[in-house]
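A.B. asks: Sequence:
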Amino acid sequence: MSGDQLPSENDVILYGSGLTESIISASLSRVEQKVLHVDCFDFYGGCWASFNLRSFRKLVQSKCSPQLSCPDVNLEKLNLKDGERFVDLFKQPEIITTVVEDPEICEKEIKDELPSTFWMKSNTEPTVRPEQETVDLNRSIISEANTSFEEEAEPSLPASEEKQGKTFENHEDVLTSKEEGKPDEEVCLKDSSNESAHAEDGKDVCGKKAEDVCEKKAGDVCGEEANDATLLQTFNVSVDDVVALDRKFNIDLVSKLLYNRGCMVELLISSDVARYCEFKIVSRILTLLDGNFQTVPCSKSDVFATTAVGVFEKRLLMKFLSMALIYTEKPEEYEGFESKKFSEFLEHKKLTRLLKHYVQYAIAMVDDDATTLEGLEATRKYLESLGRYGNSSFLLPLYGVGELVQCFCRLSAVFGGVYCLNRYLAGVVVDSNDNVVSVVDSNGERLSTKWLVVDPMYVNENYLPSVCRKRMMSRVILITDKSVVPDADSHITLCNVAVQGGKNIIMQEFSSLSQACPDHYYMVHLTCETRVDAHTDLSPFVKDHFHSSTSSEMDSDVVQDKPKVLWAVYFNIAGFHVVTPATIFNNVLITSNPNANIDCDRPIHEAECVFKRICLDQAFLPKAPRPEEIIFCEDPADRTSDQKNDDAELQSQPNAETDDVKKEFEGEGKEVIGDSEVVKAELS
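First residue of the sequence shown? That's 1 in full-length UniProt numbering, and the numbers climb one at a time after it.
Read the hints as simulated data drawn from the structure, not as lab findings.
Idealized CB from N, CA, C, for every residue including glycine.
Certain hints may be false.
For lysine to aspartate or glutamate, the following EDC-like pairs were computed, each having C-alpha atoms within a straight-line distance of at most 20 Å [what the hints assert, rightly or not]: (1) Lys356 - Asp369; (2) Lys314 - Asp302; (3) Lys81 - Glu9; (4) Lys450 - Glu32; (5) Lys503 - Asp369; (6) Lys612 - Asp11.
So the derived label-pair ranges between C-beta atoms look like this [claimed, not checked]: (7) Gln92 - Gly336: 50 to 58 Å; (8) Glu76 - Arg247: 47 to 55 Å; (9) Val467 - Ser301: 40 to 48 Å; (10) Ala619 - Asp240: 47 to 55 Å.
Work out the full structure: start from the sequences and follow the hints.
C.D. replies: Structural data, given as structure tokens:
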């Protein structure tokens, strides 16, 4: 909102534009609540936001503090009524602490012309296999029924329009996949009604040859076979190159993935918010065992194809995973171990050391303190997500998790939500019944509201209820010159690193496929719960597996094998975890900040709880109508007196045709909202 004047009458005011608040805003606007969404930062997302390199560096150096300070409130101008009082509920949020940047990058002007080394690197594109194409959730639903792990996951991968890629004509045009046993071929699968079309002539329904769909491999340049590692040694990227490519980096304050059958994916589909965003599948899962990274076999085909696991171990692993997928139906399998550690249960099942490591750290991705039920539920969640979008359980939002925030904000704005960034709320006006009747902004204006939803980072801690528990998250972001496990293919990689006596470290490595970095650079996110501070918690891992300019290693072979750290920043993110739905006064609801978990399902549960508290009988984020599904009718206020008289005469006469049209609308599932008829779109 560009003007200074905000709506004075509101149903709900939200302070803070994190993912949870954005989902709440969208859900309330969708059911015609008057929503005002305010943030003191000049960007959307709070600690869920994404930035380019220069903006990110400025942000962490300022410790993510807003640019403006809130002025003192003149109580005389508030015109407080009898029984009302002003409460300075809010504070300036401090999200980032203990920042360590290594190595320090001197500021330099970003020129329009990129360095010549960039154009050299751009001439050789990394290999893009079919499973690495952009995933469109609206096109990708193969089957909603859960498939047993005993059965082969259907090798279908949905393809969608990329920012600079191919396009398809409708939802059911093409599903691309990598055929089992033929890793270098691309198989085009179509809707069952078109199964026979062009299957033999090597063309998809758009008339393109299958071999034209894949991009050129890096090894095809100049007729030579080369992998990423040799190319990177040739180009010898530097810190200066990183700074010059500032705008081609998209950096998340908090990096998250989505389970293919997790709550976020289901909500994106059911609400049709998926049309605003794009995704890539996580194409590789690694584990760290005995100091070395190993690729983890997770699907049935991977298990039987790997040479790292023996025949007996393969059968044992398949048996355990099949049980875990339906563990709720077989309580006798884990009877007596419900509250015991998951590692003890794996020992009871006689899994080998290698299999226990695979299951606990690479599939369930739980730490040593996890109970058996927690481990089995995490394993089931992982397995259920396999096969929905290719041979993977995870999706990565392109351009960063901040895109999800903006997608929900966009939906809220479409249905009337009002947004204002860079605006403080100074406090609230509370009546004698402990209800907040209005908030006071940084201009001293009173904005009335029935409900207030607020991020706990914006609230003075002495007002927070006891169920809000403070927690810290340690983060480090690295820009490197190659992957931790170099490969001819570009990958989006996930690795859960076991830490003795502590919480696990989640490592995510993004290639240029993720749109997080330019070609031939890699971005690595490391996340864990804070024990001391980010540098103390994570620098030992970085030192063991990466090489930086400050490293003291002398062995040239060891240094050459490790990715070179071109830039790194360590920082802690402060936040609060709300154990149960919390309120400060009667109508002020508190949300939670992001945690160190790999996914972002918790914000959805919290958003739905808040929505149900405000709108008891309304549907939570029903599917939004598309523009072509909306039928606009003329506003009665714009009609002339003669037209109104004609309407009165028509209404006094029975009209069979009008009744038929009404029945037709009802039969097609159309509803009347105000003076518009809106089609009720079915959920996917």
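A.B. asks: So which of the earlier hints does this model not fit?
C.D. replies: Hint check: nothing fails, all pass.
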